[in-house]
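> Listed here are the chains, written in short residue letters.
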Amino acid sequence: MKRLGVFRSGRTTEVIDEMTCSDVQRLLARDVTLEGAKEAQAHVQSCTQCQAFRDRMLALDALLAQWQCPEAPDWLPAKISARLAALETGRPTQVPRWGLVLERVLVPLVVASGLILGALLGSHLNRLLQPASVETAGIAESESSLVVDPLTGSFTEAVENVAFATAGGNR
Amino acid sequence: MQEKTPQDQPQGRLLEQVDTAAQSEEDSELMARAASGDRLAYDRLIRRYYRKVYATSYRLLGSAEDAEDATQEIFLKVYKAARSFDPNLRFSTWLYRISLNHCLNVLRWRRRRRWLSLNALLRPQESEADGDEYASLFRAQVPQPDDLLEREERAGAVRKAIESLPEKQRIAIILHRYEGMSYKEIAEVMGTSVASVESRLHRAKEALAEKLADLLEIDLQVDRETSGRNRENRRKD
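Sequences listed follow chains W and F, in order. Per my numbering, the very first residue in the first sequence carries number 3; after that it's consecutive. Per my numbering, the very first residue in the second sequence carries number -9; after that it's consecutive.
There may be inaccurate statements among the hints.
Stated by the list, open to error - Below, simulated DSBU-like cross-link-like pairs (lysine-lysine); rule was C-alpha separation at most 30 Å, straight line:
| no. | chain 1 | residue 1 | chain 2 | residue 2 |
| --- | --- | --- | --- | --- |
| 1 | F | Lys201 | F | Lys70 |
| 2 | F | Lys201 | F | Lys174 |
| 3 | F | Lys67 | W | Lys40 |
| 4 | F | Lys201 | W | Lys81 |
| 5 | F | Lys42 | W | Lys81 |
| 6 | F | Lys70 | F | Lys174 |
| 7 | F | Lys226 | F | Lys201 |
| 8 | F | Lys70 | F | Lys150 |
| 9 | F | Lys70 | W | Lys81 |
| 10 | F | Lys42 | F | Lys158 |
As the list claims (entries may be wrong) - Cβ-Cβ distance ranges computed for the label pairs, FRET-style:
| no. | chain 1 | residue 1 | chain 2 | residue 2 | range |
| --- | --- | --- | --- | --- | --- |
| 11 | F | Arg141 | W | Ala44 | 15 to 23 Å |
| 12 | F | Trp99 | W | Cys23 | 21 to 29 Å |
| 13 | W | Ala54 | F | Arg141 | 49 to 57 Å |
| 14 | F | Arg225 | W | Ser24 | 55 to 63 Å |
| 15 | W | Ala54 | F | Leu139 | 14 to 22 Å |
| 16 | F | Ser26 | W | Leu117 | 43 to 51 Å |
| 17 | F | Gly170 | W | Gln47 | 37 to 45 Å |
| 18 | F | Arg103 | W | Val109 | 17 to 25 Å |
| 19 | W | Gly124 | F | Glu157 | 22 to 30 Å |
| 20 | W | Cys71 | F | Leu139 | 13 to 21 Å |
| 21 | F | Glu15 | W | Pro75 | 43 to 51 Å |
| 22 | W | Gln132 | F | Ser74 | 55 to 63 Å |
| 23 | W | Gln47 | F | Ser183 | 29 to 37 Å |
To be verified - Cβ-to-Cβ under 7 Å is the rule here; a few derived chain F residues that face chain W:
| no. | residue |
| --- | --- |
| 24 | Leu30 |
| 25 | Gly52 |
| 26 | Glu63 |
| 27 | Lys67 |
| 28 | Tyr69 |
| 29 | Ala71 |
| 30 | Arg73 |
| 31 | Phe75 |
| 32 | Arg144 |
| 33 | Val148 |
| 34 | Glu200 |
| 35 | Arg219 |
Think of the hints as simulated: they come from the structure by calculation, not from any bench. Glycine included, every Cβ here is placed at the ideal spot set by N, Cα and C.
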């Protein structure tokens, strides 16, 4: 199919080039009826590939139409108006500038100080609980080792009790 | 595609454009009055646009309940921002921009909280959009007439396919196919060029044709059979 209507060397209209299938399919994807695009319409009539593409686009359009939206409920405008009225009477429509500043500075400050305090408290508690945990671990444990008897020259197993020293050291 | 000159357009469409221009001016006027505290003017705008805002929200968010909430929030936001409305901009474009931003924020928030909640199990529509099978299992237990079920399944497949598109393509196809917006209007709402809208729509349609290939093939087969039968009947006559 020829593309018409392009001016060259003083003539009013002249045949310049051919309309390709990809040109036509781009137009079909934009508007499947090809309204006002006579050249493209003529191309489709003589091209089975573009006919198949058009049929596919038509079927897709029909398929997309099957996803329907429910009607918006009639009470919505009244509800919005009521919420607007409540907004106007309940509190000022605009937050004062100093309020925004406070909100932007104070909130992060409080959060950050909370985190720091939490960390400090945690480490302090950890230090307080540390000795107690060592104390509870003060369990006598047996440790065995091989000892050479100087008289017989034989090896005997010596068992000695090892007590973990506690903080108090009296166990 | 060449832009059509006014001479090329049918008279009906020209009248439609005049109407749209007049309405746009009226909208701006109403918005100016609303900004100075005229609630009646704003009520008129709400009544004029709430269905469109609801429909867009529904298509983007996927549930009627979310669309109701979103519509309310959007109109509250618009009212609060009334003073910042630029009268040179069309009210509907501005409203759609706010609507899109609100819905996209809801979707982002929903995505963030999804991993924490059991929402997918509790809300059939959302879970189905994620490829979750629970909803379809639940619905399969409810007896329904065959054609209704088939229609619902097809609508569900379309919704799922659209929801799986990249965000910008999804918005473009919703505004174009379901809201009937022109490429220029979509470009204004999305803050992009007409060429970019065209390319997004083209890619969206190609992706949808691929995702819905099975259903399309069935439809095309039915069409072919019907037209073949019609041709045969005509030959017999």
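> Determine for every hint whether it applies to the structure shown.
Evaluated hints:
For the proposed pair lysine 201 (chain F) and lysine 70 (chain F), the alpha carbon gap of about 41 Å is over 30 Å, so the pair is violated. About 27 Å separates the Cα atoms of lysine 201 (chain F) and lysine 174 (chain F), which keeps this hinted pair within 30 Å; it holds. For the proposed pair lysine 67 (chain F) and lysine 40 (chain W), the alpha carbon gap of about 46 Å is over 30 Å, so the pair is violated. Among the hinted pairs, lysine 201 (chain F) with lysine 81 (chain W) is inconsistent with the structure: their alpha-carbon atoms are about 39 Å apart, more than 30 Å.
Taken as a hint, the lysine 42 (chain F) and lysine 81 (chain W) pair is honoured in the structure, with Cα atoms around 16 Å apart against an allowance of 30 Å. Proposed proximity of lysine 70 (chain F) and lysine 174 (chain F) is supported: the alpha carbons are some 27 Å apart, at most 30 Å. Between the alpha carbons of lysine 226 (chain F) and lysine 201 (chain F) the distance comes to roughly 40 Å, so the proposed pair goes past 30 Å and is violated. For the hint linking lysine 70 (chain F) to lysine 150 (chain F), the alpha-carbon distance of about 34 Å lies beyond 30 Å, and the restraint is violated.
With a C-alpha separation of about 16 Å, the suggested pair lysine 70 (chain F) and lysine 81 (chain W) falls inside the 30 Å cut-off, and the hint holds. Only pairs whose Cα atoms come within 30 Å are accepted, and lysine 42 (chain F) paired with lysine 158 (chain F) is accepted, the gap being roughly 19 Å. For arginine 141 (chain F) paired with alanine 44 (chain W), a C-beta distance near 37 Å fails the hint of 15 to 23 Å. A hinted range of 21 to 29 Å is violated for the C-beta pair tryptophan 99 (chain F) and cysteine 23 (chain W), which are about 44 Å apart.
Between alanine 54 (chain W) and arginine 141 (chain F) the Cβ separation comes to about 26 Å, which falls outside the hinted range of 49 to 57 Å. The given range of 55 to 63 Å is broken by arginine 225 (chain F) and serine 24 (chain W), whose C-beta atoms sit roughly 36 Å from each other. Taking the beta carbon of each, alanine 54 (chain W) and leucine 139 (chain F) are about 30 Å apart, not inside 14 to 22 Å as hinted. Between serine 26 (chain F) and leucine 117 (chain W) the beta carbons are some 46 Å apart, a value that agrees with the proposed interval 43 to 51 Å.
Between glycine 170 (chain F) and glutamine 47 (chain W) the Cβ separation comes to about 28 Å, which falls outside the hinted range of 37 to 45 Å. Between arginine 103 (chain F) and valine 109 (chain W) the beta carbons are some 21 Å apart, a value that agrees with the proposed interval 17 to 25 Å. The hinted window of 22 to 30 Å between glycine 124 (chain W) and glutamate 157 (chain F) is violated, with their beta carbons roughly 43 Å apart. For the hinted restraint 13 to 21 Å between cysteine 71 (chain W) and leucine 139 (chain F), the CB-CB distance of approximately 20 Å keeps it satisfied.
Roughly 30 Å separates the CB atoms of glutamate 15 (chain F) and proline 75 (chain W), a value that falls outside the hinted 43 to 51 Å. Hint check: glutamine 132 (chain W) to serine 74 (chain F), Cβ distance near 59 Å, so the stated range 55 to 63 Å holds. Look at glutamine 47 (chain W) against serine 183 (chain F): about 33 Å separates their beta carbons, and that is inside 29 to 37 Å. Interface hint at leucine 30 (chain F): violated, since its Cβ lies 10 Å from the closest Cβ of chain W, which is beyond the 7 Å cut-off.
Interface restraint check: glycine 52 (chain F) against chain W, minimum CB-CB distance 10 Å, threshold 7 Å, status violated. Using the Cβ-Cβ criterion of 7 Å, the hint placing glutamate 63 (chain F) at the interface with chain W is not satisfied: the shortest such distance is roughly 9 Å. With its C-beta approaching chain W no nearer than about 11 Å, lysine 67 (chain F) sits outside the 7 Å limit, and its interface hint is violated. With 7 Å as the threshold, the beta carbon of tyrosine 69 (chain F) comes within range of chain W, its nearest partner Cβ sitting at about 6 Å, so the hint holds.
A cut of 7 Å between beta carbons decides the hint on alanine 71 (chain F): the least distance to chain W is about 11 Å, and the hint is violated. With 7 Å as the threshold, the beta carbon of arginine 73 (chain F) stays out of range of chain W, its nearest partner Cβ sitting at about 9 Å, so the hint is violated. A least Cβ separation of about 15 Å between phenylalanine 75 (chain F) and chain W goes past the 7 Å threshold, and the interface hint is therefore violated. Of the supplied interface hints, the one on arginine 144 (chain F) holds, with its beta-carbon coming within about 5 Å of a beta-carbon of chain W, less than 7 Å.
For valine 148 (chain F), the suggested interface contact is upheld, since its CB lies about 4 Å from the closest CB of chain W, less than 7 Å. Contact between glutamate 200 (chain F) and chain W, as hinted, is not supported at the beta carbon level, the nearest pair being about 10 Å apart and thus beyond 7 Å. Taken as an interface hint, arginine 219 (chain F) does not check out: its beta carbon lies about 17 Å from the nearest beta carbon of chain W, beyond 7 Å.
Violation of the numbered hints given earlier is confined to hints 1, 3, 4, 7, 8, 11, 12, 13, 14, 15, 17, 19, 21, 24, 25, 26, 27, 29, 30, 31, 34 and 35; the remaining hints are satisfied by the structure.
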